[in-house]
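Chains as they are written, first to last, in the UniProt record's numbering: chain A, 1 to 429; chain B, 1 to 429.
You may find that some hints are simply not true.
To be verified - Covered by chain B, per the in silico footprint, the following chain A stretches (three or more residues, Cβ under 8 Å):
#1 35–45
#2 75–81
#3 208–215
#4 232–246
Unchecked claim - Okay, the calculated beta carbon distance ranges per label pair:
#5 A:395 / B:74: 32 to 40 Å
#6 B:236 / A:395: 50 to 58 Å
#7 B:155 / A:339: 37 to 45 Å
#8 A:73 / B:383: 35 to 43 Å
#9 A:386 / B:373: 52 to 60 Å
#10 B:29 / A:196: 52 to 60 Å
#11 A:71 / B:373: 48 to 56 Å
#12 A:71 / B:273: 48 to 56 Å
#13 A:71 / B:74: 30 to 38 Å
#14 A:190 / B:398: 26 to 34 Å
#15 A:73 / B:229: 53 to 61 Å
#16 B:189 / A:352: 36 to 44 Å
#17 B:90 / A:208: 56 to 64 Å
Hint data in this document are derived by calculation from the structure and do not stem from the laboratory.
Remember, predicted model here, so these are calculated numbers, not experimental data.
C-beta: ideal position from N, C-alpha, C; glycine also.
Number of protein chains: 2
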Amino acid sequence: MTSTDAALPHLVVIGGGFAGLWATRALARAPLRITLVDRSNHHLFQPLLYQVATAGLSAPDIAAPLRHILRRQRNVEVRLGEASAIDAPGRRVTLADGSVLGFDYLLLASGATHAYFGHDEWAAHAPGLKSLDDALHLRRQLLLAFERAEACDDPAERAAWLSFAIVGGGPTGVELAGTLAEIARHTLKDEFRRIDPSSARVRLVEAGPRVLASFPEELSEKARRQLEKLGVEVSTGVPVTAIDEGGYRLGEEYVPARTVVWAAGVAASPLARSLGVPLDRAGRVPVDPDLSVPGHPHVFVAGDLAAVQRADGSPVPGVAPAAKQMGRHVAAAIRARLQRRDASAFRYRDFGNLATIGRMAAVVDLHGFKLSGLLAWWFWLAAHVFFLIGFRNRLVVLLNWAWAYWSYQRAARIILGGQGDDGPPAPRT
Amino acid sequence: MTSTDAALPHLVVIGGGFAGLWATRALARAPLRITLVDRSNHHLFQPLLYQVATAGLSAPDIAAPLRHILRRQRNVEVRLGEASAIDAPGRRVTLADGSVLGFDYLLLASGATHAYFGHDEWAAHAPGLKSLDDALHLRRQLLLAFERAEACDDPAERAAWLSFAIVGGGPTGVELAGTLAEIARHTLKDEFRRIDPSSARVRLVEAGPRVLASFPEELSEKARRQLEKLGVEVSTGVPVTAIDEGGYRLGEEYVPARTVVWAAGVAASPLARSLGVPLDRAGRVPVDPDLSVPGHPHVFVAGDLAAVQRADGSPVPGVAPAAKQMGRHVAAAIRARLQRRDASAFRYRDFGNLATIGRMAAVVDLHGFKLSGLLAWWFWLAAHVFFLIGFRNRLVVLLNWAWAYWSYQRAARIILGGQGDDGPPAPRT
Numbered sequence: 001m002t003s004t005d006a007a008l009p010h011l012v013v014i015g016g017g018f019a020g021l022w023a024t025r026a027l028a029r030a031p032l033r034i035t036l037v038d039r040s041n042h043h044l045f046q047p048l049l050y051q052v053a054t055a056g057l058s059a060p061d062i063a064a065p066l067r068h069i070l071r072r073q074r075n076v077e078v079r080l081g082e083a084s085a086i087d088a089p090g091r092r093v094t095l096a097d098g099s100v101l102g103f104d105y106l107l108l109a110s111g112a113t114h115a116y117f118g119h120d121e122w123a124a125h126a127p128g129l130k131s132l133d134d135a136l137h138l139r140r141q142l143l144l145a146f147e148r149a150e151a152c153d154d155p156a157e158r159a160a161w162l163s164f165a166i167v168g169g170g171p172t173g174v175e176l177a178g179t180l181a182e183i184a185r186h187t188l189k190d191e192f193r194r195i196d197p198s199s200a201r202v203r204l205v206e207a208g209p210r211v212l213a214s215f216p217e218e219l220s221e222k223a224r225r226q227l228e229k230l231g232v233e234v235s236t237g238v239p240v241t242a243i244d245e246g247g248y249r250l251g252e253e254y255v256p257a258r259t260v261v262w263a264a265g266v267a268a269s270p271l272a273r274s275l276g277v278p279l280d281r282a283g284r285v286p287v288d289p290d291l292s293v294p295g296h297p298h299v300f301v302a303g304d305l306a307a308v309q310r311a312d313g314s315p316v317p318g319v320a321p322a323a324k325q326m327g328r329h330v331a332a333a334i335r336a337r338l339q340r341r342d343a344s345a346f347r348y349r350d351f352g353n354l355a356t357i358g359r360m361a362a363v364v365d366l367h368g369f370k371l372s373g374l375l376a377w378w379f380w381l382a383a384h385v386f387f388l389i390g391f392r393n394r395l396v397v398l399l400n401w402a403w404a405y406w407s408y409q410r411a412a413r414i415i416l417g418g419q420g421d422d423g424p425p426a427p428r429t
Numbered sequence: 001m002t003s004t005d006a007a008l009p010h011l012v013v014i015g016g017g018f019a020g021l022w023a024t025r026a027l028a029r030a031p032l033r034i035t036l037v038d039r040s041n042h043h044l045f046q047p048l049l050y051q052v053a054t055a056g057l058s059a060p061d062i063a064a065p066l067r068h069i070l071r072r073q074r075n076v077e078v079r080l081g082e083a084s085a086i087d088a089p090g091r092r093v094t095l096a097d098g099s100v101l102g103f104d105y106l107l108l109a110s111g112a113t114h115a116y117f118g119h120d121e122w123a124a125h126a127p128g129l130k131s132l133d134d135a136l137h138l139r140r141q142l143l144l145a146f147e148r149a150e151a152c153d154d155p156a157e158r159a160a161w162l163s164f165a166i167v168g169g170g171p172t173g174v175e176l177a178g179t180l181a182e183i184a185r186h187t188l189k190d191e192f193r194r195i196d197p198s199s200a201r202v203r204l205v206e207a208g209p210r211v212l213a214s215f216p217e218e219l220s221e222k223a224r225r226q227l228e229k230l231g232v233e234v235s236t237g238v239p240v241t242a243i244d245e246g247g248y249r250l251g252e253e254y255v256p257a258r259t260v261v262w263a264a265g266v267a268a269s270p271l272a273r274s275l276g277v278p279l280d281r282a283g284r285v286p287v288d289p290d291l292s293v294p295g296h297p298h299v300f301v302a303g304d305l306a307a308v309q310r311a312d313g314s315p316v317p318g319v320a321p322a323a324k325q326m327g328r329h330v331a332a333a334i335r336a337r338l339q340r341r342d343a344s345a346f347r348y349r350d351f352g353n354l355a356t357i358g359r360m361a362a363v364v365d366l367h368g369f370k371l372s373g374l375l376a377w378w379f380w381l382a383a384h385v386f387f388l389i390g391f392r393n394r395l396v397v398l399l400n401w402a403w404a405y406w407s408y409q410r411a412a413r414i415i416l417g418g419q420g421d422d423g424p425p426a427p428r429t
């Protein structure tokens, strides 16, 4: 039962991702009552979400219950729920179930969601990847596409089921495209009798001039070559102009494809709008140097939702290490407020940039020290397994990878959610 | 691509469970074309389904893609689809998508489904456990019940969320009740701030005089005592007479409970009706001694769908070893038919009976050699892990168990399918 003291100042944290969870944990000994609100019951290791979508890992492998992580931190109460509005001057948060939480301090860390650049009608035909539910939906759709192709007698229809496009050449798009090509080429080998899965067309579509634009040009080029070696068709410099049930339009060309995946745009969670402060173009909250909201010193924003600049004016990227650093900085800022000290300014420590491409292929950029290929892949693997929360998960994830590595197999090729003959269900986003 | 010869006799197998898969594998070298039809893409290790429902295992831990299992058996084509009608004299099966498969031989092994004894309206309030989708639905409902209780301010409402009933004292009911009691008592310890999960009421309800009725009385009594030690309230001899959204009626008593699980009745798959032969009370097909359907020597039934007697007149139980034996027997009978020999009569080899109750508690009956408690649990664990298909699964399952054993934790406590504030979705059965 609760051991928190109702007389202590109350901090409400919205979002149990890297920013919210790291802030909460850093305040374990602070004289505060903390309520952590999340709409799912788990913290998600988002960098490996594409592995769940591509059937390499099970959903529970990359998630841990927030209550369990925080069970010994007695000043925290975890609340399953969705924040629907923030009243910053009145210091109140309203949840979707109608209940209201008063606060003395607020940390808004509800992350990002997909953005379709004004084409919300594309969402039904090109699901994105932000939550475990998204990943399971995508897994189902990818695996069913091969089943539909096998069951299909019409050659054009069959080709459309074997045509896959991933829109967006950032790390998620690159990871998805590389892994999907491997599945088609290796994992499904020998399993079908009417189709040849390795004839599947896997296309990575990027409107900008190169994939992995946040990396040095040299590594973008290496990534492209590694993708092509895996069998991915990389199309850069031409935007997608339409997506419908039957395919997508790239510039002037209409490409039949039953599976289009959206990895192109993210937008801040709509909750930010209720703060009543100006947002940037992507819907993020421009914050003061200590990560508090201008005019609301008791309200902080961290993670993907915060628009923060580095010393050189470039934006802090929306990656896990940045979110953790911001979370810890907010914890320090709140401790400073409690002691009536000034909070310091946030400074992003950039440890480098890494992206995986497929089995034994990755690119790593550590401040000019660049790696690609097998060595980069080992580096990537070690870093990701090391940072997974919880010993058990790390071990299982490693084992699943070792298995996939030796056998080209994927451990989670299970279609859930009924099979029906009605195609995949609508995305749940 | 296909290497099967269209001139060979065609065997259609409906169902990739133990009976259908074992028959298919036993016919690897037979001069046949085989089409295996299943509505899911995986073979399921059903004896561990309750572990997925109670968040101990991930769905992919106990399932393997049928295509992968059979990839090297070139005389088999796997078809994802649902058989909707059988025309035995015309030798044709119709699938739900409208396609028709002609056959020379048919094995019907589509298993069993839940039965509510004429109270189909209970299905919405008391989901059952037959598929992975059922298990994930149940997991979600069990985990959400504790979340709802924590968020609830009304004491009566809170008590109803913490009141669980499992209807049916067979192996599945006993396993679910024991595991759920452990979750409430141990796994969730320290995680909630407003409720005490160990105060949850877990009730196992059996209309007959004792739990595990297929075991010797002595072991039923041991199982009851082990359940009570784990904190399960065992009610025998009184039938459930009503189930609704708010609770259930046991004899005259109405018990508020937001979670009722159905583990009481199974009925044969409705497909059997289209055979046009008399079925038994549970909807199963009484078969000839060689497991063929009376009057249709080219149609066989195996597994839970077949009504088969032992030499002493008692029914062959609906367990995995019996299904595997029947599957192999049907393979032998078809080989005999192909060689114009008479098929032998099926004889069930009963190796014994085992059921687990919880962490380190089980009962084992090996023809009069009886075990209970810790030793029985180890026996149960070894037997189940040994029989899991596929090396990787076995290892992961073992590791997950070792982890749960040492830590009282459960690796898959992840609520999927959105949380909403609308309670769990309707069951998908």
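Consistency of the hints with the structure:
Requiring three or more residues with a Cβ within less than 8 Å of a Cβ of chain B, the coverage given for the region 35–45 of chain A holds, as 4 such residues are present. Only residues whose C-beta sits within less than 8 Å of a C-beta in chain B count toward coverage, and the region 75–81 of chain A has 5 of them, enough to reach three; the restraint holds. Chain B is given as covering the region 208–215 of chain A, and this is violated because 0 residues of the stretch bring a CB closer than 8 Å to a CB of that chain, at least three being needed. A stretch counts as covered by a chain when three or more of its residues have a beta carbon under 8 Å from one of that chain; for the region 232–246 of chain A and chain B the count is 0, and the coverage is violated.
Judged by the Cβ atoms, the range 32 to 40 Å given for residue 395 (chain A) and residue 74 (chain B) holds: they are separated by roughly 37 Å. A C-beta distance of roughly 42 Å is found between residue 236 (chain B) and residue 395 (chain A), which places it outside the suggested range of 50 to 58 Å. At about 40 Å, the beta-carbon gap between residue 155 (chain B) and residue 339 (chain A) stays in the expected band of 37 to 45 Å. Checked against the given bound of 35 to 43 Å, the beta carbons of residue 73 (chain A) and residue 383 (chain B), roughly 41 Å apart, stay inside it.
Range check, residue 386 (chain A) to residue 373 (chain B): about 41 Å between beta-carbon atoms, so the 52 to 60 Å window is missed. Here the CB-CB span from residue 29 (chain B) to residue 196 (chain A) is close to 26 Å, at odds with the stated 52 to 60 Å. The given range of 48 to 56 Å is broken by residue 71 (chain A) and residue 373 (chain B), whose C-beta atoms sit roughly 30 Å from each other. In this structure the hint that residue 71 (chain A) and residue 273 (chain B) lie 48 to 56 Å apart at CB holds, the actual value being about 52 Å.
In this structure the hint that residue 71 (chain A) and residue 74 (chain B) lie 30 to 38 Å apart at CB is violated, the actual value being about 53 Å. The hinted window of 26 to 34 Å between residue 190 (chain A) and residue 398 (chain B) holds, with their beta carbons roughly 28 Å apart. At roughly 32 Å, the beta-carbon separation of residue 73 (chain A) and residue 229 (chain B) lies outside the given 53 to 61 Å, and the hint is violated. Checked against the hint of 36 to 44 Å, the C-beta distance between residue 189 (chain B) and residue 352 (chain A) comes to roughly 40 Å, which is consistent with it.
At roughly 60 Å, the beta carbons of residue 90 (chain B) and residue 208 (chain A) sit within the given window of 56 to 64 Å.
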